[in-house]
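Number of protein chains: 2
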Amino acid sequence: MQVTQQPTPPPGAYTPTDRTVPTRSPERASYDKELVHSILDEAYVCHLGFVRDGAPVVLPTLFARVGETLYVHGSTGSRPLRMTGEPDPGLPVCLTVTHVDALILARSAFHHSINYRSVVVHGTAHQVTDPEEKRLALDALVDHVVPGRAADSRPANKKELAATAVIRLDLAEVSAKLRTGGVNDEPEDLALPHWAGVVPLRKGYDTPVGDPALAPGTALPDYLA
Amino acid sequence: MQVTQQPTPPPGAYTPTDRTVPTRSPERASYDKELVHSILDEAYVCHLGFVRDGAPVVLPTLFARVGETLYVHGSTGSRPLRMTGEPDPGLPVCLTVTHVDALILARSAFHHSINYRSVVVHGTAHQVTDPEEKRLALDALVDHVVPGRAADSRPANKKELAATAVIRLDLAEVSAKLRTGGVNDEPEDLALPHWAGVVPLRKGYDTPVGDPALAPGTALPDYLA
Chain A
1 MQVTQQPTPP
11 PGAYTPTDRT
21 VPTRSPERAS
31 YDKELVHSIL
41 DEAYVCHLGF
51 VRDGAPVVLP
61 TLFARVGETL
71 YVHGSTGSRP
81 LRMTGEPDPG
91 LPVCLTVTHV
101 DALILARSAF
111 HHSINYRSVV
121 VHGTAHQVTD
131 PEEKRLALDA
141 LVDHVVPGRA
151 ADSRPANKKE
161 LAATAVIRLD
171 LAEVSAKLRT
181 GGVNDEPEDL
191 ALPHWAGVVP
201 LRKGYDTPVG
211 DPALAPGTAL
221 PDYLA
Chain B
1 MQVTQQPTPP
11 PGAYTPTDRT
21 VPTRSPERAS
31 YDKELVHSIL
41 DEAYVCHLGF
51 VRDGAPVVLP
61 TLFARVGETL
71 YVHGSTGSRP
81 LRMTGEPDPG
91 LPVCLTVTHV
101 DALILARSAF
111 HHSINYRSVV
121 VHGTAHQVTD
131 PEEKRLALDA
141 LVDHVVPGRA
151 ADSRPANKKE
161 LAATAVIRLD
171 LAEVSAKLRT
181 GGVNDEPEDL
191 ALPHWAGVVP
201 LRKGYDTPVG
211 DPALAPGTAL
221 PDYLA
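Protein chains in written order, with the UniProt record's numbering: chain A, 1 to 225; chain B, 1 to 225.
Read the hints as simulated data drawn from the structure, not as lab findings.
In this text, a Cβ means the ideal position worked out from N, Cα and C, and glycines have one as well.
Hints may contain errors.
Computed, partial: chain A to chain B, Cβ under 7 Å [to be verified]: (1) 88; (2) 92; (3) 103; (4) 110; (5) 118; (6) 193; (7) 200; (8) 202; (9) 208; (10) 213; (11) 216.
Excised from the complex, chain A in its bound form (with noise of 0.2 Å):
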């Protein structure tokens, strides 16, 4: 579904559609992939979408990103997994990323906003079948929570690996919207007594706690502390 006349995409870019050019403030819409890759992999969960006897579902799930494939993950008795069906003709999904940066208060009501970070991807996930495949699937989904935790924990045994379902789904049809910046109060209303300005939210992780039946002798890790 491209949108015709539209210009040659710059390298490290995905090219735009008719369902990822916003009709609203297009001007905060990107395509660029090394954008796009920072606002995915920054979030811990995604909200994926997919239609449901006509009707729209939305669920929070944990994902991954490797290289241009989505990971997704759920158990095999999941109702967007068991859609896929066998043979899988595919789930036709729109799976959305969100970051709150900063809540913009202005002087007006009507300015007030919030500065964020999205990205949109349409497409059709699969499930994944091959073993190997999904194996690096489910290493990429622990990673994405904490870089370099896969390799420091235990690999999942046969009886996990069937247990766990992984739906991929290809970054092709993908755009990322921002806002950023400051409060764009009217010139006429800067003079108002009301206090604006940009409040920003706060973002990583406190002390981790350790689990009260932990080994003797077992440190935080370093990619924790």
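Following the hints, put chain B in place on chain A, whose structure we already have.
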């Protein structure tokens, strides 16, 4: 779409339906209204899913709760709002909110998880056309971002009200889902040398940054201090 032979829900709970009873980890589901409200009220954005040309679309959107009604913000030009049409047939939507509270690092790759709280709302959204309801909804949207803020800002004028569209979605078919607690490793893995535990994520504000053009003497309001 009621589940047959479902017991009567307790007062203060939503009635489970076929699509609000999860197929996976049903013990993590809750229909408690207070819990649902608290999860919704703490979120800055929701993910709004709808169907366009047979395919799912999931977009991050500002929203607010007033009692048992959600109001979702948009411009009059945005796709989901245009789809509600005139006369308004209603747009089937799924509105989902998720908080990631902590990362769960297990000794086994398989038991890695996150602590989260999510709410999924199924229903049909309608445009708000009553001017008074729209004004109240816009106040609620501002107060949702920072409680008490609507009264400390310049209210929307006629032009701004006309440029803003609001859709409403009643809280009827609703469920929450939560994971709390610590690591759930297999007993035979407890002696493994891998660190395991809970990594809480940071929440809340960092120091607010005032707009450079603030009127002289404008103090940081108490609701941000």
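Here's how the hints hold up against the structure:
1. Against a cut-off of 7 Å between C-beta atoms, the interface hint on residue 88 of chain A is violated, since the closest Cβ of chain B lies about 18 Å away.
2. Interface hint at residue 92 of chain A: satisfied, since its Cβ lies 5 Å from the closest Cβ of chain B, which is below the 7 Å cut-off.
3. A least Cβ separation of about 5 Å between residue 103 of chain A and chain B falls short of the 7 Å threshold, and the interface hint therefore holds.
4. Hint on residue 110 of chain A holds. Least Cβ distance to chain B is approximately 4 Å, under the 7 Å limit.
5. Proximity of residue 118 of chain A to chain B holds as hinted, the smallest CB-CB distance being about 5 Å (cut-off 7 Å).
6. Of the supplied interface hints, the one on residue 193 of chain A holds, with its beta-carbon coming within about 6 Å of a beta-carbon of chain B, less than 7 Å.
7. Interface restraint check: residue 200 of chain A against chain B, minimum CB-CB distance 4 Å, threshold 7 Å, status holds.
8. For the restraint placing residue 202 of chain A at the interface with chain B, the shortest Cβ-Cβ distance is roughly 4 Å, inside the 7 Å limit, so the hint holds.
9. With 7 Å as the threshold, the beta carbon of residue 208 of chain A comes within range of chain B, its nearest partner Cβ sitting at about 5 Å, so the hint holds.
10. Restraint check, residue 213 of chain A versus chain B: the minimum CB separation of about 5 Å is within 7 Å; hint holds.
11. The interface hint given for residue 216 of chain A is violated, since its Cβ lies 10 Å from the closest Cβ of chain B, which is over the 7 Å cut-off.
The structure shown violates the earlier hints numbered 1, 11.
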